[in-house]
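Visitor: Sequence:
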Amino acid sequence: MFGIRRCPKFLANDENHPLPLFDLTEMKSLMDLVEFPTTDTTQRQIDFLRWWAHNYPNRSSLKGSIIQYRPTRGKTQEPSLKKAGFLCTSVFITSKQTGHKRRRIENFTFGNQGHRIWAANNEYKSLEQASTFDYLEAHDLNGTGTFLNGSSLRTVPGLREHGTVMLPPDQNMCEQKYEFVCGDESRAALYRPVKYDKPQLSRNTITLAGLLQLYKEGYVKVPRLIRRLRAQAALQSHFYGSLNALSSVEEIYNGLPGACIDLRITSQPAPESRWSTLLRGRESKTTPSSLITRAFTVVAFFETGEIQLEPRKLEGVLALSHKNSIFVASQMLEDPAKLSSKHLIRRLTGNIGRPGLALLIPPNNPRMQKYDFNKYVVEYEPFNGDLVDSFSATSLHLSLTGYELPVDVEPRDNRDSEAYFVETNVSVYDGGEWVGDVDIMRARRTWLRFRDCHHNAEQRKQRNHLPNNMQAVDSWRAFLDAPVGAGVLRAFGNPMARLAAATLAMQKRYNFHILGPDPCWKCVQHDVFPRQPSYIGSQRGLRGYFSSSEHASEEISDIDTGKEANEVANDCSDESGFDSSDEDDLEERPESLYSADIGDGPADDDAQELSPDLEPISETDEVPTNILGTGFAVDVVFIC
1 MFGIRRCPKF LANDENHPLP LFDLTEMKSL MDLVEFPTTD TTQRQIDFLR WWAHNYPNRS
61 SLKGSIIQYR PTRGKTQEPS LKKAGFLCTS VFITSKQTGH KRRRIENFTF GNQGHRIWAA
121 NNEYKSLEQA STFDYLEAHD LNGTGTFLNG SSLRTVPGLR EHGTVMLPPD QNMCEQKYEF
181 VCGDESRAAL YRPVKYDKPQ LSRNTITLAG LLQLYKEGYV KVPRLIRRLR AQAALQSHFY
241 GSLNALSSVE EIYNGLPGAC IDLRITSQPA PESRWSTLLR GRESKTTPSS LITRAFTVVA
301 FFETGEIQLE PRKLEGVLAL SHKNSIFVAS QMLEDPAKLS SKHLIRRLTG NIGRPGLALL
361 IPPNNPRMQK YDFNKYVVEY EPFNGDLVDS FSATSLHLSL TGYELPVDVE PRDNRDSEAY
421 FVETNVSVYD GGEWVGDVDI MRARRTWLRF RDCHHNAEQR KQRNHLPNNM QAVDSWRAFL
481 DAPVGAGVLR AFGNPMARLA AATLAMQKRY NFHILGPDPC WKCVQHDVFP RQPSYIGSQR
541 GLRGYFSSSE HASEEISDID TGKEANEVAN DCSDESGFDS SDEDDLEERP ESLYSADIGD
601 GPADDDAQEL SPDLEPISET DEVPTNILGT GFAVDVVFIC
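Sequential numbering of the sequence shown, starting at 1, is according to UniProt numbering.
Since the hints were made in silico from the structure, they are not lab data. Each hint should be verified, as a subset may be incorrect.
Unchecked claim - No more than 25 Å apart at the CA atoms, straight line, and that leaves these computed lysine-lysine pairs for DSS-like: (1) LYS216 / LYS195; (2) LYS323 / LYS313; (3) LYS461 / LYS508; (4) LYS216 / LYS28; (5) LYS522 / LYS338; (6) LYS28 / LYS338; (7) LYS370 / LYS195; (8) LYS461 / LYS338; (9) LYS508 / LYS370; (10) LYS63 / LYS221; (11) LYS370 / LYS461; (12) LYS338 / LYS508; (13) LYS195 / LYS63.
Assemble the whole structure, with the sequences as input and the hints as a guide.
Guide: Okay, structure coming up:
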């Protein structure tokens, strides 16, 4: 009752409202949506009216009812009935009277078998009562269900319009009035005898229970129903547009158990609200970030009841805090290998200790641990293929930096700020030791994930073509030290640690790949590592050298004689593990250039001459491929 009394215009103005239940309970319209087992349209309408009468809760009040209908052209076989404008038929089949027992109504059946049918006579048009009454000829009904021939035709009742119809007096009959019950008087309609002791009937409508029963029994033609609703939606766009927007709100709040809605949202009509316009808009291209900003816009309005923010102002927001709820983007809480989430936002019980609506944003430049050469002693172990969780002590924490910025919202009649940005650090901790701050929302836009593949379980475990000296990365110190060659960070089954590792890898500009819970090493070998003799070298030693033997042998010999020692040392001391001076060179190099430390082609032959102890990783005639699009990689981290 709240909606009827307090917000009748929330969905649309009165003139844009459809009839109750989307106008589906109106019998005249519903006759076009039903599908009974007959090919004749008129017979389907008759069967529907009989079905309704048989399932009417107070069926006894319809006793003696008749159906008047306009026959389909060409369907009337009896020549004497072809000129009749309307035909009449019975609604119920009653059993023959035996003794003093009352007649019993038989069960509903399709078709006219067992029903009485008679024709209407249109000769009494000159009578003054013709506008109200239609005098017809009655006859003896034989109950065979067949059309009556002309010899058996006498005076019969006919019904034309809403209201009543009176039969003319006759020595074998009495006066009887009929009233319209339901249907379409121009095609097929049901009338019942007027008796003052009978209860009043709803005019030309079906109950919700009757509509549901009709649907459950399979008598509603779904394609016709969809076309009907779409046609109505086009005529009443405000009402149906509001419903469409509310359905999107319902999808958002399905993932927010315990969330509350401020009822002040109903004080403003939905078609005029920013959130409704936003959800009704259909953009050809949507990104996960744009969907999240939309969801935050909706939650901000429904939580506060009045604050309507523009989505562009929420770019980069990772969470909202209001009253006792923190609404966090699902991407902040899910495994990085998960491509999409059913729910864009999650609700956590709590608050950051600030009044009003707080929009949590990350810093522009997250901090990370710096190398401490006096403290860091990193030991690398070969990767043996076991997937374990070596980061069980890893956790993520929120902390405020103290930076706040008010947000311009409407209305502007409040002295205090109702919404404001709050800079928030998301920090990675290993036990009690701080590892670094992460910007997860930004990082997720660039993550590389392996696609689903068709390899069986045996093929997924094959690692014979992978580098034989892949390193197991089992600590944050080893991870931040930028392992040389291929490293496998083992945080199996730990989504928070994997999330932190993927974000830190992006911020440190590592070449990394996120593997799922059941990694396919055959895909790793195919997509990441080369398909011809290759060698593990130093992290920086071979970067930027051509693959021709003329240049490779000369440059490799220079490295061996120490000419590049200072440059390599400077590269390794860089906190990010990436030499920014090489960035432009990498963009200009053709695909024949090295993108990392593994050589291919003639350079490998020279490398083997200079270092005979190096053995090829794999040898095949296939062309190497790489999901990065340029050459192939050596310094790569796999997050398992």
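Visitor: Each of the hints needs a verdict: does it hold here or not?
Guide: Comparing the hints with the structure gives:
1. Proximity of LYS216 to LYS195 is assessed by CA-CA distance (about 34 Å); at most 25 Å being required, the pair is judged violated.
2. Proximity of LYS323 to LYS313 is assessed by CA-CA distance (about 21 Å); at most 25 Å being required, the pair is judged to hold.
3. Between LYS461 and LYS508 the CA atoms are separated by roughly 30 Å; this puts the pair beyond 25 Å, and the hint is violated.
4. Distance check on the hinted pair: LYS216 and LYS28 sit about 20 Å apart at the alpha-carbon level, within 25 Å; holds.
5. At most 25 Å may separate the alpha-carbon atoms for a hinted pair to count; LYS522 and LYS338 meet this at roughly 20 Å.
6. Proposed proximity of LYS28 and LYS338 is contradicted: the alpha carbons are some 51 Å apart, above 25 Å.
7. Annotation: proposed proximity of LYS370 to LYS195 is violated, straight-line Cα distance about 95 Å (limit 25 Å).
8. Annotation: proposed proximity of LYS461 to LYS338 holds, straight-line Cα distance about 21 Å (limit 25 Å).
9. For the hint linking LYS508 to LYS370, the alpha-carbon distance of about 12 Å falls within 25 Å, and the restraint holds.
10. This hinted pair does not check out: LYS63 and LYS221 have alpha carbons roughly 29 Å apart, beyond 25 Å.
11. The straight-line distance between the Cα atoms of LYS370 and LYS461 is roughly 37 Å, outside the 25 Å bound, and the hint therefore fails.
12. Taken as a hint, the LYS338 and LYS508 pair is honoured in the structure, with Cα atoms around 22 Å apart against an allowance of 25 Å.
13. For the proposed pair LYS195 and LYS63, the alpha carbon gap of about 11 Å is at most 25 Å, so the pair holds.
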